[in-house]
Amino acid sequence: MEMGRDQKLTVGRVWKKKFFIALFTGFFSLFLLIAAFGFTGSALALPLGGIGDFIVEFDELQGSDFELLPHMGETGNADQSPMVRNKMGEAKIKGLHIYKDLKMPTGQWVRFHVRAEGETTIKGLIQDARFIHANLSFEGLSIVEKNTENFAENWTQNAKKITITDAKLITDYLFQSMVSLKGAKISTELIDQPEIIEQ
Amino acid sequence: MNRREKRRLKREEKLRKAYERLAEGGRFARWKNERPFWGGVLSILSALVILYIPLHLYAIAFIPGTFVFIGFLFGGLLLILGIFSLIYPQFSTVFGVIVIFLSVLSIMGALGGFLIGTILGIVSGSLLVGWERHEVDLSGFGPGAGGSRKGEPAPSVPDAGTGSLQA
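Chains as they are written, first to last, in my numbering: chain A, 1 to 199; chain V, 1001 to 1167.
Simulated from the structure, these hints should not be mistaken for laboratory data.
There could be a bad hint or two in this list.
Computed list of lysine-lysine pairs in PhoX-like fashion (alpha-carbon distance at most 25 Å, straight line) [said to hold, decoys possible]:
1. V:Lys1014 x A:Lys94
2. A:Lys182 x A:Lys161
3. A:Lys18 x A:Lys94
4. A:Lys16 x V:Lys1017
5. A:Lys161 x A:Lys100
6. A:Lys17 x V:Lys1006
7. A:Lys160 x A:Lys123
8. V:Lys1010 x A:Lys87
9. A:Lys94 x V:Lys1010
10. A:Lys18 x V:Lys1032
11. A:Lys17 x A:Lys94
12. A:Lys146 x V:Lys1032
13. A:Lys123 x A:Lys94
14. V:Lys1010 x V:Lys1032
15. A:Lys87 x A:Lys18
16. V:Lys1032 x V:Lys1017
17. A:Lys123 x A:Lys100
18. V:Lys1014 x A:Lys18
19. A:Lys92 x A:Lys17
20. A:Lys161 x A:Lys94
21. A:Lys182 x A:Lys168
22. A:Lys87 x A:Lys160
23. A:Lys100 x A:Lys168
24. A:Lys16 x V:Lys1014
25. A:Lys16 x A:Lys87
26. A:Lys146 x V:Lys1010
27. A:Lys17 x V:Lys1032
28. V:Lys1010 x A:Lys182
29. A:Lys123 x A:Lys168
30. A:Lys16 x V:Lys1032
31. A:Lys182 x A:Lys87
32. A:Lys18 x V:Lys1017
33. A:Lys16 x A:Lys94
34. A:Lys17 x V:Lys1010
Computed footprint of chain V on chain A; a stretch qualifies when at least three of its residues, placed anywhere within it, have a C-beta under 8 Å from a C-beta of chain V [to be verified]:
35. 55-65
36. 85-94
Quick caveat, the model's predicted, so the values are computed rather than measured.
Each residue gets a CB set at the ideal place from its N, CA and C atoms; glycine is no exception.
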């Protein structure tokens, strides 16, 4: 490369002091955000769906503004599969346990657990399930049949209040506008085979 | 020699080494040198990692009230900022600050690309903030010659013949 005497050359480089100050500020902000989540036990809009179905178990759920409607949705194995869509305005859950079995690239199966030791509060719950095994009780239950072109509207269940106990659900989609998990524990477990639930 | 003078000489020495490396480099090295290359590339990479989750949840991204759309927004903005930092290097500090801000906030709505995207974004943003451009004037190599960064005295440039540093 020829460098003429009347040439201006741009030399660009990263100055360590500025870099480390910015890096420290960034990680400190990240720490503050995670600490805020930790103190309140809350996360906003945690989309758990779309990555395959998983199992939801809990001891007791008290919910309000319950709605159940038929739904066709994507699962981990199919583009379209029949399921039910449960909606609740608000729900309080005791003994929540969510887990999913995943096969690692090495061939080993691993179970990912999310447990809440305290009470879980959810607002704006939407859940798609292919299998529900639970004890249900309703307050103000209405079952409505309609004659429309949209099959999801033709048969719906609505209840002011719902209580579900000893539940086990195969869930393909879960959305919560706001969720607060008290005493959340996330862990992994090596397993021989994934759980297969006879339907 | 006081501390300020020592610091100035140290800075000039670093610039001189960078200039010598550049003199031996090719066209790509010169192009890379004129912009915050690694900051921009890592920003683009962190944007792609952060976008990975919303892209897999695209089916619900446009439902009102979901935060997946925010994941798209943050990842998309990071991608644009990464590209712009390579095109407009003079704004690297501003871009860097915004990249750090968006990377931290991407925890909501995109899970920070499993935190990997967030960490990459913070590092790339810091690289953008730390990057500075100095113009070295090669005309004459005598006293008073040399380029400058605004507000600082002109750094010395090596004598073309002897290779020594002239103040």
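Checked hints:
The hinted pair formed by Lys1014 of chain V and Lys94 of chain A fails the criterion: a straight-line CA distance of about 62 Å is larger than 25 Å. Restraint check for Lys182 of chain A and Lys161 of chain A: satisfied, since their Cα atoms lie roughly 23 Å apart, inside the 25 Å limit. Restraint check for Lys18 of chain A and Lys94 of chain A: not satisfied, since their Cα atoms lie roughly 49 Å apart, outside the 25 Å limit. Distance hint between Lys16 of chain A and Lys1017 of chain V is fulfilled; the C-alpha atoms sit about 16 Å from each other, no more than 25 Å.
Taking the CA atoms of Lys161 of chain A and Lys100 of chain A, the gap is near 29 Å; set against the 25 Å cutoff, the hint is violated. At roughly 16 Å between alpha-carbon atoms, Lys17 of chain A and Lys1006 of chain V fall within 25 Å of each other, so this suggested pair holds. At most 25 Å may separate the alpha-carbon atoms for a hinted pair to count; Lys160 of chain A and Lys123 of chain A meet this at roughly 15 Å. For the given pair, Lys1010 of chain V sits about 65 Å from Lys87 of chain A by alpha-carbon distance, which is inconsistent with the 25 Å threshold.
The hinted pair formed by Lys94 of chain A and Lys1010 of chain V fails the criterion: a straight-line CA distance of about 63 Å is larger than 25 Å. This hinted pair checks out: Lys18 of chain A and Lys1032 of chain V have alpha carbons roughly 20 Å apart, not beyond 25 Å. Simply put, Lys17 of chain A and Lys94 of chain A have alpha-carbon atoms about 50 Å apart, too far for the 25 Å limit, and the pair is violated. Annotation: proposed proximity of Lys146 of chain A to Lys1032 of chain V is violated, straight-line Cα distance about 66 Å (limit 25 Å).
A distance of roughly 15 Å separates the Cα atoms of Lys123 of chain A and Lys94 of chain A; the hinted pair therefore holds under the 25 Å criterion. With a C-alpha separation of about 23 Å, the suggested pair Lys1010 of chain V and Lys1032 of chain V falls inside the 25 Å cut-off, and the hint holds. The hinted pair formed by Lys87 of chain A and Lys18 of chain A fails the criterion: a straight-line CA distance of about 50 Å is larger than 25 Å. For the proposed pair Lys1032 of chain V and Lys1017 of chain V, the alpha carbon gap of about 16 Å is at most 25 Å, so the pair holds.
Between Lys123 of chain A and Lys100 of chain A the CA atoms are separated by roughly 23 Å; this keeps the pair inside 25 Å, and the hint holds. With a C-alpha separation of about 16 Å, the suggested pair Lys1014 of chain V and Lys18 of chain A falls inside the 25 Å cut-off, and the hint holds. At roughly 49 Å between alpha-carbon atoms, Lys92 of chain A and Lys17 of chain A are farther apart than 25 Å, so this suggested pair is violated. For the hint pairing Lys161 of chain A with Lys94 of chain A, the CA-to-CA distance comes to about 16 Å; that is within 25 Å, so the pair holds.
Using a Cα cut-off of 25 Å, the hinted pair Lys182 of chain A and Lys168 of chain A holds, with the two alpha carbons roughly 20 Å apart. For the suggested pair Lys87 of chain A and Lys160 of chain A, the alpha carbons sit about 12 Å apart, so the restraint of at most 25 Å is met. For a cut-off of 25 Å, the pair hint linking Lys100 of chain A to Lys168 of chain A stands: about 13 Å separates their Cα positions. With a C-alpha separation of about 12 Å, the suggested pairing of Lys16 of chain A with Lys1014 of chain V holds against the 25 Å cut-off.
In summary, the hint linking Lys16 of chain A to Lys87 of chain A is not supported, as the alpha carbons are separated by about 53 Å, beyond the 25 Å threshold. Straight-line distance between C-alpha atoms of Lys146 of chain A and Lys1010 of chain V comes to about 81 Å, which puts the hinted pair past the 25 Å bound. Distance restraint check for Lys17 of chain A and Lys1032 of chain V: the Cα-Cα separation of roughly 22 Å lies within the 25 Å cut-off, and the hinted pair is therefore satisfied. A distance of roughly 54 Å separates the Cα atoms of Lys1010 of chain V and Lys182 of chain A; the hinted pair therefore is violated under the 25 Å criterion.
Between Lys123 of chain A and Lys168 of chain A, the direct Cα distance comes to roughly 20 Å. Compliance with the 25 Å bound is thereby established for this hinted pair. Taken as a hint, the Lys16 of chain A and Lys1032 of chain V pair is honoured in the structure, with Cα atoms around 19 Å apart against an allowance of 25 Å. For a cut-off of 25 Å, the pair hint linking Lys182 of chain A to Lys87 of chain A stands: about 22 Å separates their Cα positions. Between Lys18 of chain A and Lys1017 of chain V the CA atoms are separated by roughly 20 Å; this keeps the pair inside 25 Å, and the hint holds.
At roughly 51 Å between alpha-carbon atoms, Lys16 of chain A and Lys94 of chain A are farther apart than 25 Å, so this suggested pair is violated. For a cut-off of 25 Å, the pair hint linking Lys17 of chain A to Lys1010 of chain V stands: about 14 Å separates their Cα positions. Look at the stretch 55-65 of chain A against chain V: 0 of its residues bring a Cβ nearer than 8 Å to a Cβ of that chain, fewer than three, so the hint is violated. Given as covered by chain V, the stretch 85-94 of chain A fails the check, having 0 residues with a CB less than 8 Å from a CB of that chain where 3 are the minimum.
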